[in-house]
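If you read the sequences in order, they're chains A and B.
When we follow the numbering used here, the leftmost residue of the first sequence carries the number 1, and every step to the right adds one.
When we follow the numbering used here, the leftmost residue of the second sequence carries the number 1, and every step to the right adds one.
These aren't lab readings, by the way, just hints derived from the structure by calculation.
Note that this is a predicted model, so its numbers are computed, not measured.
A couple of the hints might just be wrong.
[Stated by the list, open to error] Straight-line Cα separation of at most 25 Å, DSS-like style, residue types lysine-lysine; simulated pairs: (1) Lys26(B) with Lys35(A); (2) Lys132(A) with Lys52(B); (3) Lys26(B) with Lys48(A).
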Amino acid sequence: MTALTDDWEAPTTETAFGYEPWLFQLMLDQLEEEKELDIGWVYSVLEKLAERYQLEDVIVNIDVKNFGAQLFRLGRRAISTDLASRLGATPGVYCNPDVVPEVERDAVRAACQLVLSLHYARYIAGTDFLTKIANEITFKAAFEAACANSARYGWAFTYVLIDIDEFKKINDTYSYSVGNDVIRRYGLAIRRSVRSGDVAARLHGDEFAVLLSNAGGHEVAGFIDRLRFNLGPLNLGPSNLGPAIENVTFSFGSATSPRESTDHDVIEDLAEDRLKEVKKKKGFTR
Amino acid sequence: MMSPTEEDFELELRSLPGVLNVEIRKDEYGEVDAVTLIVFEHDPEDVRVEAKHLVSLYFPSAAVVIEDASSAIVPRESLAPRVALVGASFNPENGTCEVELNFTGRIGIGRGGSGQLFGGAEATLLALRDLGFDVPFYLLSVVNVATTRGWPVVVTLRPFSDGADMFGIAQADSDVLSASMATLSALNRFLSMSKNAS
Numbered sequence: 001m002t003a004l005t006d007d008w009e010a011p012t013t014e015t016a017f018g019y020e021p022w023l024f025q026l027m028l029d030q031l032e033e034e035k036e037l038d039i040g041w042v043y044s045v046l047e048k049l050a051e052r053y054q055l056e057d058v059i060v061n062i063d064v065k066n067f068g069a070q071l072f073r074l075g076r077r078a079i080s081t082d083l084a085s086r087l088g089a090t091p092g093v094y095c096n097p098d099v100v101p102e103v104e105r106d107a108v109r110a111a112c113q114l115v116l117s118l119h120y121a122r123y124i125a126g127t128d129f130l131t132k133i134a135n136e137i138t139f140k141a142a143f144e145a146a147c148a149n150s151a152r153y154g155w156a157f158t159y160v161l162i163d164i165d166e167f168k169k170i171n172d173t174y175s176y177s178v179g180n181d182v183i184r185r186y187g188l189a190i191r192r193s194v195r196s197g198d199v200a201a202r203l204h205g206d207e208f209a210v211l212l213s214n215a216g217g218h219e220v221a222g223f224i225d226r227l228r229f230n231l232g233p234l235n236l237g238p239s240n241l242g243p244a245i246e247n248v249t250f251s252f253g254s255a256t257s258p259r260e261s262t263d264h265d266v267i268e269d270l271a272e273d274r275l276k277e278v279k280k281k282k283g284f285t286r
Numbered sequence: 001m002m003s004p005t006e007e008d009f010e011l012e013l014r015s016l017p018g019v020l021n022v023e024i025r026k027d028e029y030g031e032v033d034a035v036t037l038i039v040f041e042h043d044p045e046d047v048r049v050e051a052k053h054l055v056s057l058y059f060p061s062a063a064v065v066i067e068d069a070s071s072a073i074v075p076r077e078s079l080a081p082r083v084a085l086v087g088a089s090f091n092p093e094n095g096t097c098e099v100e101l102n103f104t105g106r107i108g109i110g111r112g113g114s115g116q117l118f119g120g121a122e123a124t125l126l127a128l129r130d131l132g133f134d135v136p137f138y139l140l141s142v143v144n145v146a147t148t149r150g151w152p153v154v155v156t157l158r159p160f161s162d163g164a165d166m167f168g169i170a171q172a173d174s175d176v177l178s179a180s181m182a183t184l185s186a187l188n189r190f191l192s193m194s195k196n197a198s
């Protein structure tokens with residue numbers, strides 16, 4: 001560990017730190033506007049760099065874990081395939097004309113890489129890895145907020161709990177990878193079936209939950225119809241799973257707020273009890 | 001600035017395996033009408049299926065275009081940094097040309113005093129040497145030739161030792177600029193092989 005002593009002096013120039021102040025300022029501006037640092041910011045950096053050096057074109061190639069090489073071009077334009085194959089191998093900032101000092105290009109590349117990593121980390125923290133819909137943490141926050149709004153303003157919503165029938169059998173009969181594919185396809189179908197403003201999540205295993213916003217209860221039937229339609233194998237693209245996917249059914253239970261309660265535990269329990277009841281009638285256990 | 005939905009959409013597209021670059025195109029009303037993905041070293045058809053699912057969730061009417069960069073084979077030499085011409089000017093008062101070049105952020109300046117054509121080419125060679133390039137050629141001729149589309153400048157360079165002459169041709173707004181561009185054009189192969197300016 002290095003101790004700070006009296007003879008330690010703060011660097012006086014930006015190069016001593018190896019960063020570019022305008023980049024840092026661009027980050028601060030974004031955060032001050034309460035905007036997240038994300039892909040949009042990468043394009044802002046390219047615009048700013050082009051403005052500073054009067055560039056006709058600029059491309060940044062960043063290599064980020066979980067993505068591999070990623071190319072971003074000024075003006076959000078596509079990159080020709082031959083240029084992409086040339087630049088895809090080497091991270092860096094490519095400018096036309098090539099007038100940007102190397103230290104500044106390095107700083108731009110590093111900042112863009114950091115921001116893409118941040119965006120991905122934020123995205124993945126709130127998303128279910130398998131289905132790419134919300135995870136339980138994100139859903140709980142949305143559910144509690146919906147209950148609070150329902151209690152305070154009377155805003156209606158319906159909570160729908162969905163469970164795949166006999167999912168364990170799929171895993172046992174085929175394999176876990178087939179089971180995962182079934183879950184992934186359910187996630188996609190649910191995502192397709194919700195409306196803008198609804199929240200869909202995978203809670204755990206084969207259990208999904210949906211918050212239908214501004215819904216007093218009648219909307220559930222419409223949502224379930226859409227879900228059944230979207231689960232049709234033809235609507236989900238080619239599958240080599242055969243009967244494993246075609247014969248999978250699901251059960252659901254729902255509860256509506258504020259009509260039935262505004263307490264999230266009560267709403268959850270009501271939907272759970274109704275789901276159990278349906279399963280029982282079908283002869284399945286939960 | 002894009003809406004948060006569009007940013008997450010682009011993030012999701014980029015997280016598909018093999019996707020190298022994304023373009024989200026909008027129509028005149030600002031609606032997303034096409035998404036282009038540049039794919040590298042992955043089966044484009046697999047990516048197309050995944051991308052279509054994804055695009056249908058956000059923008060159901062948008063078209064999906066997949067372009068495969070794997071088939072575009074480019075020699076590694078072209079990754080080398082290139083010399084860029086920043087500016088070339090002629091001062092009519094003293095008859096001198098000045099050429100400014102940039103190589104990986106470093107500036108090289110050269111001046112020549114033999115009119116726009118010869119002076120422009122001479123200044124370019126000096127600017128290259130100012131950048132640290134060892135250029136083993138001398139100027140043999142600089143001429144502009146009449147064509148149906150204007151007066152391009154042709155530069156011929158001869159090596160100090162044995163070897164073939166190098167030719168370059170360019171046409172720009174002024175003779176000095178044409179001469180400078182033609183000199184760089186003549187040295188194009190030599191400069192791309194010479195990766196490091198000492």
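Hint check results:
1. Straight-line distance between C-alpha atoms of Lys26(B) and Lys35(A) comes to about 23 Å, which keeps the hinted pair within the 25 Å bound.
2. Our distance criterion of 25 Å between C-alpha atoms is met by Lys132(A) and Lys52(B), whose separation comes to about 15 Å.
3. Our distance criterion of 25 Å between C-alpha atoms is met by Lys26(B) and Lys48(A), whose separation comes to about 22 Å.
Of the hints listed earlier, there is not a single one the structure fails to meet.
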